[in-house]
Amino acid sequence: MMKRLITPLTRVTLRSLYSTAQVQSKVVQFTEPRAPEVYKNSESSTKAIYFDLGATTPVDPRVLDRMLPLYTDMYGNPHSRTHEYGWNSEAQVEEARRHVADLIGCTSKEIVFTSGATESNNTAIKGVARFYKKKKNHIITTQTEHKCVLDSCRHLEDEGFTITYLPVKQNGLIDLDLLEQEITDKTLLVSVMAVNNEIGVLQPLKDIGQLCRKRGVLFHTDAAQAVGKIPVNVDDMCIDLLSISGHKLYGPKGIGALYVRKNKPRVRLAPIINGGGQEGGRRSGTVPSPLVVGLGEACRVAKQDLERDAKYVKELSKYMIEGFRSRLDHVILNGDEEQRYPGIVNISFAYVEGESLLMALNTVALSSGSACTSASLEPSYVLRALGVSEDLAHTSLRFGIGRFTTKKEVDYVLDKCSFEVERLREMSPLYEMVKEGIDLSEVKWEHH
Amino acid sequence: MSRVQGAIDKSQVLMLYRNLLKAGNKFADYNFREYAVRITKEDFRNNQNDTDGKAVEKNYQYGLDQLQLMRRQSTINQMYAQKMSFMDPRVSDDIRKKDEMSVGSRTNEEDDEH
Chain S
1 MMKRLITPLT RVTLRSLYST AQVQSKVVQF TEPRAPEVYK NSESSTKAIY
51 FDLGATTPVD PRVLDRMLPL YTDMYGNPHS RTHEYGWNSE AQVEEARRHV
101 ADLIGCTSKE IVFTSGATES NNTAIKGVAR FYKKKKNHII TTQTEHKCVL
151 DSCRHLEDEG FTITYLPVKQ NGLIDLDLLE QEITDKTLLV SVMAVNNEIG
201 VLQPLKDIGQ LCRKRGVLFH TDAAQAVGKI PVNVDDMCID LLSISGHKLY
251 GPKGIGALYV RKNKPRVRLA PIINGGGQEG GRRSGTVPSP LVVGLGEACR
301 VAKQDLERDA KYVKELSKYM IEGFRSRLDH VILNGDEEQR YPGIVNISFA
351 YVEGESLLMA LNTVALSSGS ACTSASLEPS YVLRALGVSE DLAHTSLRFG
401 IGRFTTKKEV DYVLDKCSFE VERLREMSPL YEMVKEGIDL SEVKWEHH
Chain L
1 MSRVQGAIDK SQVLMLYRNL LKAGNKFADY NFREYAVRIT KEDFRNNQND
51 TDGKAVEKNY QYGLDQLQLM RRQSTINQMY AQKMSFMDPR VSDDIRKKDE
101 MSVGSRTNEE DDEH
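The listed protein sequences derive, respectively, from chains S and L. By the UniProt record's numbering, the letter at position 74 of the first sequence is numbered 74, and the numbering carries on one by one without gaps. By the UniProt record's numbering, the letter at position 24 of the second sequence is numbered 24, and the numbering carries on one by one without gaps.
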């Protein structure tokens, strides 16, 4: 590459050309412009069909279009007060803040930009807990939360807080009566995620919010997988704190937001990142203006297209689930059938080992659960919390459907996946026993 | 950016429609391309019976802005494209078969990824 660049250049200079334009045209003739290579040790010549939208979504071209000027032209620090670079960046950041606020129905002052949903969740849970620790010390959450919520709670246990990890019903939803029983005078916060990242079930936010409001408990929801995909309104749903992630709604990675209610009740929190006092002292550090603008545009587009996207995703999701059910037997959809965000489809293909199926589906980008735990071979703790047996939990795949998914892709994955499941089942002695009518749960296995 | 002035006639709308489809088809990425074409068709179909001059003017201006955006973004998309999607109709059946056979380069290293 370097050699190819240098040779033509020297040749061109030797010929004593008249203008730089001519030099450039000569260089272009000899070297094709090549973007930096991003594929390492790749053996396939095409990219796999992307069905892992629960892990991350591609950046929408409309989002990138708004971000680029902040990288190439308007690079000012939004906190600079002495020149136009700063003023412009600040204006862009504030416009983005309005778009985020509009999407969830709050005011811009209630939005704090963070590095992502993990930081938002940490700030919400630890921040609130530490601010109010002298008055109350009990927090309720669920067993199926994202790791960052569970881990934040574990750390708070070390600081002397009592945490209740609510079990979920078989359909993945929480039991409201149980939640009400667990609330005590000491309960400070209830944290329940909106849409589960692994199984896609949608918790009854409004009911939880109203219950919390009635009992004088703050309600936090991790809405990383919900915002921009299903309608969310913090006032209707009585939400006091809400976490947003940029890269789950076609925005950039490394940016998120936390909604903190300002009125009735006013929520206070002790910041976990201290410094220059940006974001009203709630999150110090220079606000990354290009990323914030990206998140803002992603929220604007999401609000504008919410209906269109929701309808499209719902249709494809229904088509996919029905497709699997008509092609294969022993297919189980994990989580509630109705109370869900249809863009996350978690299916167990009984008698097939999930990892083998993933290996066979090398032309489809998929995962068996959340990206955070995909390195381990442990079955998903979310599925285990639903009461899914260990062997079935091992056979589950998570399909993500979004605005860029096409029907042709779903058709392909239906055919290919069904073919591979049948092929793997043919090799499975368990499946053979099932076909012969043996009830596997009654088989006594010999231990070695 | 140019602002629309006066009434918009049918030929202008048709021209915009054609140009939008053309720009959308220039995305190197299969998914962006399909999306651009899908929503362009949907938007024009939904608004085809609009008779309100103001609304037509507003939508026409929106379409012009989207056209500029799609031209910029499809160019950038082409500049950085490295591999076509497996689903891309431009991929030949031979290559598809080959890729289905390849084991992939999944690394099975045990790491403490979170």
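Source of the hints: derived by calculation from the structure; they are not laboratory data. If you're wondering where the values come from, they're calculated on a predicted model, not measured in any experiment. Take the hints with a grain of salt, since some may be wrong.
[Claimed, not checked] Subject to a maximum C-alpha distance of 25 Å in a straight line, what follows is the list of computed DSS-like cross-link-like pairs (lysine-lysine):
#, chain 1, residue 1, chain 2, residue 2
1, L, 26, S, 407
2, L, 58, S, 40
3, L, 97, S, 407
4, S, 407, L, 98
5, L, 58, S, 407
6, S, 126, S, 40
7, L, 58, S, 416
8, L, 22, S, 408
9, S, 407, L, 83
10, S, 147, S, 253
11, S, 134, S, 169
12, L, 22, S, 416
13, S, 408, L, 41
14, S, 408, L, 98
15, S, 40, L, 98
16, L, 41, S, 318
17, L, 58, S, 303
18, S, 314, L, 97
19, L, 98, S, 311
20, L, 26, S, 408
21, L, 97, S, 408
22, L, 22, S, 40
Hint check results:
1. L:26 <-> S:407: 20 Å, holds
2. L:58 <-> S:40: Not OK: residue 58 of chain L and residue 40 of chain S at ~47 Å, beyond 25 Å, violated.
3. L:97 <-> S:407: The given pair, whose Cα atoms are some 21 Å apart, holds under the 25 Å limit.
4. S:407 <-> L:98: Distance ~23 Å between residue 407 of chain S and residue 98 of chain L Cα, so the pair holds.
5. L:58 <-> S:407: 31 Å, violated
6. S:126 <-> S:40: Since the Cα atoms of residue 126 of chain S and residue 40 of chain S sit roughly 39 Å apart, the hinted pair is violated (cutoff 25 Å).
7. L:58 <-> S:416: Violated, because 45 Å separates the two Cα atoms, which is more than 25 Å.
8. L:22 <-> S:408: 21 Å, holds
9. S:407 <-> L:83: Answer holds: residue 407 of chain S to residue 83 of chain L is near 21 Å, not above 25 Å.
10. S:147 <-> S:253: Holds. Residue 147 of chain S to residue 253 of chain S sits at ~18 Å (cutoff 25 Å).
11. S:134 <-> S:169: Violated - the C-alpha atoms of residue 169 of chain S and residue 134 of chain S are around 33 Å apart, more than 25 Å.
12. L:22 <-> S:416: Cα-Cα ~32 Å, so violated.
13. S:408 <-> L:41: 18 Å, holds
14. S:408 <-> L:98: 20 Å, holds
15. S:40 <-> L:98: 19 Å, holds
16. L:41 <-> S:318: Given that 25 Å is the threshold and the Cα spacing comes to 23 Å, the pair holds.
17. L:58 <-> S:303: Given that 25 Å is the threshold and the Cα spacing comes to 19 Å, the pair holds.
18. S:314 <-> L:97: Cα-Cα ~31 Å, so violated.
19. L:98 <-> S:311: At roughly 36 Å apart (the allowed maximum being 25 Å), residue 311 of chain S and residue 98 of chain L break the hint.
20. L:26 <-> S:408: Given that 25 Å is the threshold and the Cα spacing comes to 19 Å, the pair holds.
21. L:97 <-> S:408: 17 Å, holds
22. L:22 <-> S:40: Roughly 33 Å separates the two Cα atoms, so the pair is violated.
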